[in-house]
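Novice: Each step along the sequence shown adds one to the number in numbering that gives the first Met the number 0, with nothing skipped, and position 112 is 111.
It is possible that some hints are incorrect.
Computed spacing ranges between beta-carbons, pair by pair [stated by the list, open to error]: (1) 71 with 128: 50 to 58 Å; (2) 101 with 33: 26 to 34 Å; (3) 26 with 126: 32 to 40 Å; (4) 61 with 90: 27 to 35 Å; (5) 67 with 27: 41 to 49 Å; (6) 12 with 34: 40 to 48 Å; (7) 36 with 12: 16 to 24 Å.
In silico SDA-like links for lysine to any residue, alpha-carbon gap of 25 Å or less [what the hints assert, rightly or not]: (8) 60 with 8; (9) 59 with 44; (10) 60 with 41; (11) 59 with 75; (12) 60 with 5; (13) 59 with 12.
Simulated from the structure, these hints should not be mistaken for lab results.
None of the values given here were measured: they were computed from a predicted structure.
Even for Gly, the Cβ is constructed at its ideal location relative to N, Cα and C.
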Amino acid sequence: MRTHIVIYWILGIFQFFLAALYTTWNLIDVGRIEWFGTIAFIFGGGFMVWLAFYLELLVKKQGPLIEDNDDADIDDGDPEIGHFHPYSWWPITLALAISMIVLGVAIGFWFAYVSVPLLIISVTGWVFEGYRGASAR
Numbered sequence: 000m001r002t003h004i005v006i007y008w009i010l011g012i013f014q015f016f017l018a019a020l021y022t023t024w025n026l027i028d029v030g031r032i033e034w035f036g037t038i039a040f041i042f043g044g045g046f047m048v049w050l051a052f053y054l055e056l057l058v059k060k061q062g063p064l065i066e067d068n069d070d071a072d073i074d075d076g077d078p079e080i081g082h083f084h085p086y087s088w089w090p091i092t093l094a095l096a097i098s099m100i101v102l103g104v105a106i107g108f109w110f111a112y113v114s115v116p117l118l119i120i121s122v123t124g125w126v127f128e129g130y131r132g133a134s135a136r
C-alpha cells in the first residue's frame, strides 16, 4: 500500500506542475488563460492528492495489509465475498435493459422510456432471485 500512496503523491504533484506549465504556456502563446485545461489539471492533481491522503489515513487506521507481507500465504487474505448465482440470466436482461436505455438516449427518448420497465423488472428479478425458485436460500 505504501507504493500506491507514493505513486499517488507523485501523480498529484505532477498534475499541479502540469497545471502551472499549461497556464504559463497559454499566457505566453495566446495571451490568456485557457480555463478548461487548467481546471482539469488542477482537479486531477487534487484528486490524486486526496486519494493519497485518504490511503495514508487508512493505513494508519488498519495497519499494513496482508498483501504487503512477503511471508503471507494466499489463504491469509481470503475474505468472505458473498453468494453468487452461477446460472443467473438476470444480469443479461439487466445489460439488455441498460443498453436499450443508452440507445434510446442516443436515437430517441421514446425508446428509453419504453425500456425503463424492463430495467425495473431486471433489477427486481436479480435482487429477489435468491429468495424464490430453485435458488431459494
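Novice: Give a verdict on every hint.
Specialist: Here's how the hints hold up against the structure:
Residue 71 and residue 128 have their C-beta atoms about 35 Å apart, which leaves the hinted 50 to 58 Å range violated. At about 32 Å, the beta-carbon gap between residue 101 and residue 33 stays in the expected band of 26 to 34 Å. Between residue 26 and residue 126 the Cβ separation comes to about 54 Å, which falls outside the hinted range of 32 to 40 Å. Take residue 61 and residue 90: their Cβ atoms lie about 32 Å apart, and the range 27 to 35 Å holds.
In this structure the hint that residue 67 and residue 27 lie 41 to 49 Å apart at CB holds, the actual value being about 45 Å. In this structure, residue 12 and residue 34 break the distance hint of 40 to 48 Å, their C-beta atoms being roughly 22 Å apart. Checked against the hint of 16 to 24 Å, the pair residue 36 and residue 12 passes, with Cβ atoms roughly 18 Å apart. For the hint linking residue 60 to residue 8, the alpha-carbon distance of about 19 Å falls within 25 Å, and the restraint holds.
Between residue 59 and residue 44 the alpha-carbon distance is near 23 Å, which keeps this suggested pair within the 25 Å criterion. Restraint check for residue 60 and residue 41: the C-alpha separation of about 29 Å exceeds 25 Å, so the hint is violated. For the hint pairing residue 59 with residue 75, the CA-to-CA distance comes to about 20 Å; that is within 25 Å, so the pair holds. With a CA separation close to 18 Å, the supplied pair residue 60 and residue 5 stays within the 25 Å bound.
Of the pairs offered as hints, the one joining residue 59 and residue 12 holds, with about 22 Å between alpha carbons and a cut-off of 25 Å not exceeded.
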